[in-house]
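There are 2 protein chains.
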Amino acid sequence: MDVNFGDVAAAHERIRGVVHRTPVLTSATVNARTGARVFFKPENLQRMGAFKIRGAYNALAQLPADAKKRGVVAFSSGNHAQAVALSGNLLGIPATIVMPEDAPRVKLDATRGYGAEIIPYKENQDREQLARQISVERGLTVIPPFDHPHIVAGQGTAAKELIEDAGPLDLLLVPCGGGGLLSGCAVAAKHLAPGCRVIGVEPAAGDDGLRSFRSGRIETVSRPRTIADGARTPSLGRLTFALIRRHVNDFITVTDEELLETMFFLWERMKLLVEPTGTLAACALLQGKLEAAGRRVGVVLSGGNVDLAWAAEQRLRRR
Amino acid sequence: MDVNFGDVAAAHERIRGVVHRTPVLTSATVNARTGARVFFKPENLQRMGAFKIRGAYNALAQLPADAKKRGVVAFSSGNHAQAVALSGNLLGIPATIVMPEDAPRVKLDATRGYGAEIIPYKENQDREQLARQISVERGLTVIPPFDHPHIVAGQGTAAKELIEDAGPLDLLLVPCGGGGLLSGCAVAAKHLAPGCRVIGVEPAAGDDGLRSFRSGRIETVSRPRTIADGARTPSLGRLTFALIRRHVNDFITVTDEELLETMFFLWERMKLLVEPTGTLAACALLQGKLEAAGRRVGVVLSGGNVDLAWAAEQRLRRR
Chain A
301 MDVNFGDVAA
311 AHERIRGVVH
321 RTPVLTSATV
331 NARTGARVFF
341 KPENLQRMGA
351 FKIRGAYNAL
361 AQLPADAKKR
371 GVVAFSSGNH
381 AQAVALSGNL
391 LGIPATIVMP
401 EDAPRVKLDA
411 TRGYGAEIIP
421 YKENQDREQL
431 ARQISVERGL
441 TVIPPFDHPH
451 IVAGQGTAAK
461 ELIEDAGPLD
471 LLLVPCGGGG
481 LLSGCAVAAK
491 HLAPGCRVIG
501 VEPAAGDDGL
511 RSFRSGRIET
521 VSRPRTIADG
531 ARTPSLGRLT
541 FALIRRHVND
551 FITVTDEELL
561 ETMFFLWERM
571 KLLVEPTGTL
581 AACALLQGKL
591 EAAGRRVGVV
601 LSGGNVDLAW
611 AAEQRLRRR
Chain B
301 MDVNFGDVAA
311 AHERIRGVVH
321 RTPVLTSATV
331 NARTGARVFF
341 KPENLQRMGA
351 FKIRGAYNAL
361 AQLPADAKKR
371 GVVAFSSGNH
381 AQAVALSGNL
391 LGIPATIVMP
401 EDAPRVKLDA
411 TRGYGAEIIP
421 YKENQDREQL
431 ARQISVERGL
441 TVIPPFDHPH
451 IVAGQGTAAK
461 ELIEDAGPLD
471 LLLVPCGGGG
481 LLSGCAVAAK
491 HLAPGCRVIG
501 VEPAAGDDGL
511 RSFRSGRIET
521 VSRPRTIADG
531 ARTPSLGRLT
541 FALIRRHVND
551 FITVTDEELL
561 ETMFFLWERM
571 KLLVEPTGTL
581 AACALLQGKL
591 EAAGRRVGVV
601 LSGGNVDLAW
611 AAEQRLRRR
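First to last, the sequence lines map onto chains A and B. Heads up, the first sequence is in my numbering, so the first residue is 301 and it goes up one at a time. Heads up, the second sequence is in my numbering, so the first residue is 301 and it goes up one at a time.
Isolated chain A, as found in the complex (with noise of 0.2 Å):
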């Protein structure tokens, strides 16, 4: 189980005409404030609001016939499970998706309105196991939100347009969940600006991934208390975890109290409504987490579902 860059390519013309390519945003404001030029990936205005669709629709568009007939199941309360619905409603694959009984409802309405069937699931119970078991009575197959080399291939699109856009970078910044969308991003940028540093950004409570990356074996963190929801994975996968150590250069961490404020800069002076999860690699360059100034700056950010009137209580409580 590998993925190179080859996949990532073959990835990017499957989703071609489905998934949009999102443009690079720049900020004069950002690149006073860091030294830097910085180029920015707004996946918040990819469809659904996220780039999980980029590794759904690239699994799901390679199912062979009969299992594409029979249909998907995925376990998810967020970007992937819209990913999941969105990429079964556009390629006529029928998809389940597990989902916490008490997930949002505007989460509920939209992988609904996808054309999905939710099964609900109650605090106590695995939703992992829940779904395997839909999995062998129903004959689904199940599309993992990270461990999976078409997961990981499709995300890894996300830097190949960034770097196709805005040219070579020395740094390319990335949030890190379950590590498909970091190590996706590194075997691209790798390959297409090899002297590129990439880093993994992660939330302090949550921080599996730097743990994992010093000690050089798979370390847990369960549930960790962050508002990066997307970001609460206990740990990388297997496949995510051996890209990384080959890829990925470093990590950092932000809190929870930096990472709104980083939200708020983009929505006041970016114009755009990013969720916290997604503010992770901003956060870090915008808090000077590491030296950048000089540098050509990737940034992913890397989707925005967050609940507007959450963000507009917490908005409201800084003044």
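Keep in mind the hints are simulated off the structure, nothing from the lab. Be careful, since some hints might not be right.
[To be verified] Listed next, with one range per pair, are the computed distances between beta-carbon atoms:
no., chain 1, residue 1, chain 2, residue 2, range
1, B, R316, A, G415, 36 to 46 Å
2, B, R617, A, K422, 31 to 41 Å
3, B, E613, A, Q429, 38 to 48 Å
4, A, G415, B, E428, 56 to 66 Å
5, A, G335, B, E313, 25 to 35 Å
6, A, R333, B, A365, 27 to 37 Å
[Unchecked claim] Here are some chain B residues pointing at chain A (derived, C-beta under 8 Å):
no., residue
7, P323
8, N344
9, L345
10, R347
11, I419
12, G516
13, E519
14, A609
15, E613
16, R615
Note that CB positions come from ideal geometry on N, CA and C, so glycine has one too.
Add chain B to chain A, keeping to what the hints say.
Relative to the frame of chain A, chain B by itself:
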């Protein structure tokens, strides 16, 4: 005094590399909801957060050398102030801005941040008069907010880019305050896509453009009460009115309540922070004010400079 497509094309050359070429964004949700193919031009992602830099830079860049040396003055509480301040900064031209003494601190700070001198005025003072007085006393060139061919030609580059990037349009919807953006975009659209219907969109409370368009003479609505602060201009200008009569096909109005609803839709579904005035054109489309099904529709989102705390408060009131 006229503006033709050659002027827009020349302006486009002049602003290249300084002003962002903002992307064109699409939304499957919007397409499904309207039955149209909709292409958004998000000028909220423009430098200083609005299209105004296009016209201001184009005007300042064409000043004679001695006028550049003496400097410029503008009267504005909004985006034009920041556009003139930033353009002055970029071109090394001293800028003086006449602003209300109670303008939001964020705007005062931004304008000062670009190195402009701010001259505050009281609510009962005539700001235009004050600006002209300062102009004479100090030998500064007044940069009007919309009624000047260089301003109009600059604003038209937004539609030029949109049509170049999205392809021909059947309909183009543009917010209208003083008519600089609308008339410039109409000039560009009628040249690049002659069959394109160009529609101006105004707040219902400030429908001077619509009235003028219907009556054939410049009508005034003084101090309209609307959250679309960029469209509180009492009337079109002579130049913008003449161009609008020649190139614009119709006007549509929307209420503040409709504007807010669309503003939150753009926030929540497209992850874009757009100010109320910037939302006008999208609002006309999304509120079903015109038949768009089967058409290729361009929508200019003209700016994103809204007070985030205010917007957050508005959002929380709607739960």
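Hints and how they fare:
1. B/R316 x A/G415: 36 to 46 Å: Holds: the Cβ-Cβ distance is about 45 Å, inside 36 to 46 Å.
2. B/R617 x A/K422: 31 to 41 Å: holds (34 Å)
3. B/E613 x A/Q429: 38 to 48 Å: Holds: the Cβ-Cβ distance is about 44 Å, inside 38 to 48 Å.
4. A/G415 x B/E428: 56 to 66 Å: holds (57 Å)
5. A/G335 x B/E313: 25 to 35 Å: This hint holds: roughly 30 Å between Cβ atoms.
6. A/R333 x B/A365: 27 to 37 Å: The hinted range 27 to 37 Å holds for A/R333 and B/A365, with Cβ atoms some 33 Å apart.
7. P323: holds (4 Å)
8. N344: Status holds, d = 4 Å.
9. L345: This hint holds: B/L345 lies near chain A, its Cβ roughly 6 Å from the closest one there, short of 8 Å.
10. R347: holds (6 Å)
11. I419: violated (25 Å)
12. G516: violated (38 Å)
13. E519: With a minimum Cβ separation of about 33 Å from chain A (threshold 8 Å), the hint on B/E519 is violated.
14. A609: Holds. Min distance 6 Å.
15. E613: holds (6 Å)
16. R615: At about 4 Å, which falls below the 8 Å cut-off, the nearest Cβ of chain A leaves the hint on B/R615 intact, so it holds.
Hint compliance for this structure: hints 11, 12 and 13 are not met, and every other hint is.
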